[in-house]
Amino acid sequence: MDPLTWTGSFGAFLNPIFYALVTVAAIAIVAQFVIPFVTPSGERGAITLRRGPGDYAAMAVQFALLGIIAIVVIFTLSAILGPYGISGIIGEVGARFTPVWIALIVTYAASIFYKRKLGLYGKLFDSPIGMVGFGLVMFWVFTAIFSNIIMTHDPLAQEVIMKNKVPGTPLGQDDAFPHYLFGGDSLARDVFSRMVAGSQIVIMIAPLATLFAFMVGITLGLPAGYFSGKLDTVLSFLANLILAFPVILLFYLLVTPEIVATGLPTYMAMFLFLFPLVFLTILFNSRFFTQPMKRNILIGVVLFVGGWLYLSLISQSATPVNFMGALDLFNVPGGILIVFVSVVFVNSPTVFRIVRGLALDIQTRDYVAAAQTRGEGPWYIMLWEILPNARGPLIVDFCLRIGYTTILLGTLGFFGLGLPPESPDWGTTINAGRRLLSAYPHPAIVPAVALVTMVLGLNLLADGLREESLRD
Amino acid sequence: MAKWDYDGPILEIDELSISFFTRLREIPAVMDFSCTVQPGEAMGLVGESGCGKSTVALGVMQDLGVNGRIVGGSIKFKGRDLGEMSADELRDVRGSEIAMIYQEPMASLNPAMKIGRQLMEVPMIHEGVGEKEAYERALEVVTDVKLPDPKRMLDSYPHQLSGGQQQRIVIAMALMSKPSLLILDEPTTALDVTVEAAVVELVKDLGKKYGTSMLFISHNLGLVLETCDRICVMYSGEAVETGSIEDVFDKMRHPYTQALFRSIPLPGADKSSRPLKAIPGNFPLPHERPNGCNFGPRCDYFEEGRCNQGDIKMSEVPGDDRHGSRCLKWQEVDWDAPMAITDQKEKATPGDVVLKMDNLKKYYEVAASALFGGANKKVVKANETLSFEARESETLAIVGESGCGKSTFAKVLMGLETATDGTITMLNQKIEDVPIEKRSTDTVKNVQMVFQNPFDTLNPSMTVGSQIVRALEIFGIGDSVQARRERMLELLDLVKLPRAFADRMPRQLSGGQKQRVGIARAFAGDAKIVVADEPVSALDVSVQAAVTDLLMEIQREHKTTLLFISHDLSIVRYLSDRVMVMYLGHVVELGSTEQVFAPPYHPYTEALLSAVPIADTSIEKQHIVLEGDIPSAMNPPSGCPFQTRCRWKSDVPGGLCEKEVPPQRTLADGHQIKCHLGEDVLSKMEPVIKVAAE
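For the protein sequence lines, the chains are X and P, in the order given.
Going left to right, the first sequence walks through residues 47 to 518 as the numbering used here numbers them.
Going left to right, the second sequence walks through residues -4 to 689 as the numbering used here numbers them.
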């Protein structure tokens, strides 16, 4: 088998067009920035019918970008339809992601078709920024879902001859996928498959940890803002204390074997994971205490299901807290649990402060006064009058915070904390690739680009959501 | 650029059309609008929110934002077309030739710059004068707007001034370069009534002194009557009637103008014998305007096949001075026909006492700093010895400006705060020190509240129906989900909203509709006492009448006691049986409506009455302008709370006003005032409002 080039035989005539388009796009983007400074400005903000040089630059950028996308699509399609290797690495990688493309197209088509009925989610498709961000995020979500189909090799398997090989090196085995698309790393594992497998870990941990951080932050932040006074002073002080503590040092402390042995992370997990249960119980009780039947059913379900999950989560074999025995539904690997706890622990104070500020603001509204004058309890007012109306900023922050958490996971992986060294998550792989970075950059660059696109997507998505939630 | 001289009209707007462009469609905001402002003339632009009056002003300033564009017509300023000026020329004109004053004074001033600097900027930028001269000019203008201690004013930051003072500074800034045209966009809406009266007086005087033409935008007909020479009434993007104040007020020739006047409480209107007539229907959305006459669907004189066809142009009313009407039928309508009085109602007779307050006091302790407080605590006396009774099916109006303690009083009554001293007896129960969480469901549902701001009164993330159902749940009404839903639909019927609204979100409702939902929610538990905190002040005039009427009707049916908090004396006179006037936490006057609205007055009531603009040319008003602002409740004046602004103070011998709080005196049966003035002075007082002999 021959090595694959980046664009294959197909690239021979497409490459010049591709480079030309990239050059045009680059020049036009620069021009777009420069033109407003050199040309005399017309009436600011007015719509003018004749086009100025700035408008032409904007059009050039648009067409160039569309052209680049079109060429990538051609590469991908030719790889799917044509014989193996015709459009090189780019084409084959695109072809591997076929299930992701199909899922994305279906999602977009359905969402755009029904967008007027979908509330804020539908309005996201009115904003180009939001659409791009959502696309990037969903790309990695679908990659995580379909990772078993996409992966070309076992992410942990080593093939001695592939050690530090460049992208497109043939494997020389008949039964497996013929090439390592993005090359091999220093332990001769497939970089491409490890990137895909890593998405699974990141997509699973980051949103879930952020969700838990939000539960903790909301449950503490609402009363701090609503009651203010002493409670607020104490809670805010604690939050500031945690925020003031160096995060990395905190992580080092939490994962030190001696501290793990004392069970401290597990006890913290016991404490932090209790919040979702408390949150849901109060949520339903405050709303439905006027209908005891309904309330009892709802709270019963929450306590039974949630309680079991909670107990299974905190009861780990080989830790001081292990009591569930056969009823234990699942065991979370120790490293992941610690990472999870630390991420929740450092994120919740920030969420707490945001929620507290929002509660302080919203509690002055008349509908809160109306609820007070009809004798509602404080928790009803906090959870059903204040919280739903604080959702706009919270959703935006949620997206941003998943991004931070992803980076935080990367940082943790980079420092070799928490997750085992062979884990394919992006942070750990970047760390592993760092050692030979000057000689073989590809094992580190590939997961780094993955991390960048994912976080960029989340930030764009948050921007789009913020922009659209302000409109009506 | 030098100012140029021009003999013709200052502003000529000719068939102006302005549209805003959104992603979905073009929204015409102003259509075929023409008006002319002569030098020294004040033009009033009146209309409800969304009628395009502010858009006209922004069009004149050529500041329509990214989405707005002038799609037809021209705006000529002193003979030059503003639409053809370059950006540089416009920049020169704005601020020096055309100045604009906005509604919110704090938002118009740069909070990080001293007042003096901001004022001096104007001539320094536009005329390039030196710093010294600019300072002199600033000092002169600040003196002109009658601010005390002008030098200190120039040296302070905006936040150190009160709202009224800030608005005076904004006016001073607008006058700095002696503009030919001054545009005032609701300049006094954010101010208290007595402060508003002073600012309006000032604007009028300065307009005369500087010879400035004015474009005065307001929703308040009374204010326009007091300030302007000519008026232009707008409806849904079009000018419907224009003319001199006298012509339009006395000889209106458009059905909308007529309906507008019939829906505002003028003296003479009465809730039982001559009720207000609300304009039926709703204001059309810009993209849902009807064919032909925009007002057609709501008009009493509507004629099918004629009024809803084609474009209707402005037509001149012959004989009057530039008086025009955009109505096809104005020559056929009998404009002098008296208003058809449809439903006269029996005056309700007050029943037993349901609420009694005795010597109620509410003090707040304010620490200087939250963290290290303790040493210098200040006591704010929000309510001082409040005593009154309210009877069944009676309307008691509580009148006062901001800081008078009316909201604190409502909070104490509702149980959100507990009283410092005194008693509140409601239906023979003492509730003054029972906070709301300790009150029984019965007590809670008997006292309910209607809030001021319609956009704030409903939870934006819950459907209208579920919010009412929630109130029913809390009050323990109905034993099943179906029963409560049925009751909720009945409540929607009660406030005359379609039942389909139950599943709507609050943002899909107009302000008036939201306020109706708020009323339905308050009456969910058949409340005995309803506290209405300025329930209509944020609504448009035509909607106000409908909501007020609804409130009255429900009150009549349910024999509710209504405590109506307001600063608008016109509406208070229209609907209340008794009036309580409050100032800085004190009740200064209490009596039946007739007693309070006729002399002898408390000096503060007298000033309030004079301050309220009345949209009736046949009313003669005594002009009493109060000096200064309302003192802060943190630092009240010694003796009588009103002594700092009272014009009768010199009639009380021995400086008693500054030493002692006056005692509560009973003048006539049930008429109490808190004043040191002797009987002889009080009996000499003249009525503030006189209806001129016709």
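Just so you know, the hints here were simulated from the structure itself, not pulled from any lab data.
Computed from a prediction, not measured in an experiment: that's the story for all the values here.
Backbone N, C-alpha and C define an ideal beta-carbon position, used for all residues, glycine too.
Treat each hint with caution, since some may be false.
Claimed, not checked - A few chain X residues facing chain P, derived, Cβ under 7 angstroms:
1. Asn61
2. Glu205
3. Thr336
4. Asp374
5. Asn377
6. Thr419
7. Gly421
8. Trp425
9. Pro434
Said to hold, decoys possible - List time: in silico SDA-like cross-link candidates among lysine to any residue, alpha-carbon distance up to 25 angstroms:
10. Lys340(X) x Ala478(P)
11. Lys161(X) x Asn62(P)
12. Lys373(P) x Ile114(X)
13. Lys276(X) x Ala478(P)
14. Lys163(X) x Ala478(P)
15. Lys141(P) x Leu85(P)
16. Lys163(X) x Asn105(P)
17. Lys276(X) x Thr415(P)
To be verified - Residues from chain X that face chain P, not an exhaustive set, calculated with beta carbons under 7 angstroms:
18. Lys169
19. Phe171
20. Asp407
21. Thr410
Hints that the structure is at odds with (numbers, increasing): Checked against the structure, the hints that fail are numbers 1, 2, 4, 5, 8, 12, 13, 14, 15, 16, 18, 19, 20 and 21, while the rest are satisfied.
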